[in-house]
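Engineer: Here is what each chain is made of, one letter per residue.
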Amino acid sequence: MGGFEIILDGFARALQILSSGDQEILGITLLSLRVSLTATLLGAAFGIPLGFLIARKDFHGRSVVTTIINTLMGLPPVVVGLVVYLFLSASGPLGFLSLLYTPEAMILAQMILTFPIVCGITISSILSLSPKLKETLASLSAPPSWEAMVLLNESRLGLITALIAAFGAAISEVGAIMMVGGNLLGYTRALTTAIMLYTNMGEFATAIALGIILLLIAFGVNLFLTYLQMRSRVRRTT
Amino acid sequence: MSSLKNNKLLAIIFIAVIVVVLAIAYKPASPPQRLIIATTTSTVDTGLLDYLKPYFDSMFNADMTWLYLGTGQALEVASRGDADILLVHDRAREDAFVSSGNGTLRVTVMYNDFVIIGPQNDPAGARGTNATEAMVKIAQAGASGNAVFVSRGDNSGTNALEKRLWTKAGVSASGTWYVSTGSGMAPTIRVANEKGGYTISDRGSFHKLRSTMNTTLSLVIICENDTSLLNPYGIILLNSTKYPNINSDLATDFLLFMVSREGQSLIGNFTVDGKQLFFPIYGRPESIGLPPESATAEYLNSLLRSKGLE
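So the sequences go chain by chain: F and G. Numbered per our numbering, the first sequence spans residues 14 to 251. Numbered per our numbering, the second sequence spans residues 9 to 318.
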């Protein structure tokens with residue numbers, strides 16, 4: 014079978030899987046969504062406040078910290094996976110938690126990937142706000158919490174971009190969740206690790222079909238985020 | 009107009025919330041007894057474990073899962089206590105694993121054989137020779153730019169066998185003709201296929217890949233049926249004193265299942281496209297020229313009897 018036929022065959026398989034509601038693949042898809050959405054939200058819960066602080070506080074070494082965070086945005090997933098694995102391994106320092114080969118371990122590994130992405134983009138969105146706005150806020154001597162709300166609200170376009178980038182990195186990553194999840198069927202098999210397994214087994218059409226399903230759910234999540242982004246842009250210009 | 013827009017927004021938020029809640033609330037069904045087998049790529053790629061799973065699961069109310077690794081990584085992961093049992097194929101390292109105290113028992117359960125595969129036109133002229141001569145011819149043709157050898161290069165059992173063959177052939181395998189993929193069996197065969205090169209595969213993985221890739225896989229068997237190409241698979245029970253958190257009872261059940269009459273006949277009945285890929289050999293490894301394991305077999309037979317499995 015030529016390459017093009019395999020891809021077409023993959024589309025046919027994807028339709029077949031979607032229409033038949035295959036339980037195994039439904040489970041794999043929901044696990045992927047659950048792990049990557051949770052990792053994105055947790056990454057944001059830590060990344061946005063820290064990014065805000067770094068952008069707002071003028072402290073010594075701020076550019077070094079920012080550079081480090083920007084570098085971490087490119088962390089290789091497989092290295093994160095290996096380090097998290099060594100920590101969670103039965104003979105590792107956190108082995109007593111028995112987290113290895115669980116979805117929670119996969120969330121932890123992906124959170125380490127999403128956190129610097131959200132943090133880095135938050136820093137740059139806050140820094141790129143108009144200096145006039147900051148001056149106005151300063152002249153009003155607004156309480157810090159109010160000031161933070163205004164600035165975060167004004168940079169919401171950038172913050173949504175941060176979520177989109179973080180979710181994209183999480184849902185498409187295979188190296189980290191393969192190491193810490195182990196790709197155990199029914200427990201920790203996610204879309205990307207299943208794609209890798211089917212590719213190794215030479216079942217290319219199934220691998221392509223899962224790739225299409227992955228793109229579809231990523232499209233669904235991004236449709237929602239982009240809608241929010243567009244809406245906030247419209248509101249801002251009026 | 010504006011209320012229509014709001015309704016649309018509400019609907020979208022509603023759907024999004026449902027999706028998120030479903031995704032977060034979803035927990036895969038988790039029966040109590042999970043068994044994690046650290047194993048080599050060939051038992052997974054061929055579909056053998058997929059085939060055995062329903063039998064084992066229903067017999068022991070278990071959920072059999074596996075880590076898809078090369079033998080080297082499987083031994084490493086198990087030595088850290090991150091798997092319940094090992095099913096691998098590299099005798100030398102298996103014995104070292106047991107003698108270092110990581111495992112308590114090792115037994116040969118089945119075998120198949122390795123084959124040297126290569127392009128149909130066989131540029132090295134390795135056909136019709138034994139395995140060692142074939143390796144010499146491939147190296148010679150490689151050095152003169154007429155052949156390529158693709159190695160797993162991943163410390164797997166297959167990689168270990170390949171290194172033994174090079175040593176036997178007295179060849180130091182390096183140079184532009186020697187390519188190392190660092191990946192599993194099926195990906196390595198595919199690289200060899202693209203490059204028109206030679207490689208070594210267990211017969212099972214090669215056969216399975218040929219049945220899924222059909223005519224796009226143009227490599228053929230160049231050398232086979234040599235005693236040095238024998239590929240025995242062993243199961244190792246891990247030391248439960250050293251690794252108290254592993255599921256050693258279920259691991260023992262899995263070992264007994266694999267050596268029981270039923271397990272052995274299931275292994276023998278597993279076929280891909282009508283071809284048997286693994287041959288049961290428990291209790292009589294000497295019949296294929298391996299060292300006898302009578303003491304281990306005697307002990308396991310008594311366990312089988314006490315559990316009513318046999």
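Mixed in with the good hints, there may be bad ones.
Residues from chain F that face chain G, not an exhaustive set, calculated with beta carbons under 10 angstroms [as the list claims (entries may be wrong)]:
#1 F109
#2 G181
#3 L197
Hints in this document: simulated from the structure, not taken from any laboratory. This structure is a prediction, so every number in the text was calculated from the model and none was measured. Note that CB positions come from ideal geometry on N, CA and C, so glycine has one too.
Engineer: Does the closest beta carbon of chain G sit nearer than 10 angstroms to the beta carbon of F/F109?
Structural biologist: 9 angstroms, holds
Engineer: Are F/G181 and chain G close enough, Cβ to Cβ, to be under 10 angstroms, as the hint says?
Structural biologist: 16 angstroms, violated
Engineer: Does F/L197 meet its interface restraint, that is, does its C-beta lie within less than 10 angstroms of any C-beta in chain G?
Structural biologist: 4 angstroms, holds
Going down the numbered hints, you'll see the structure goes against just number 2.
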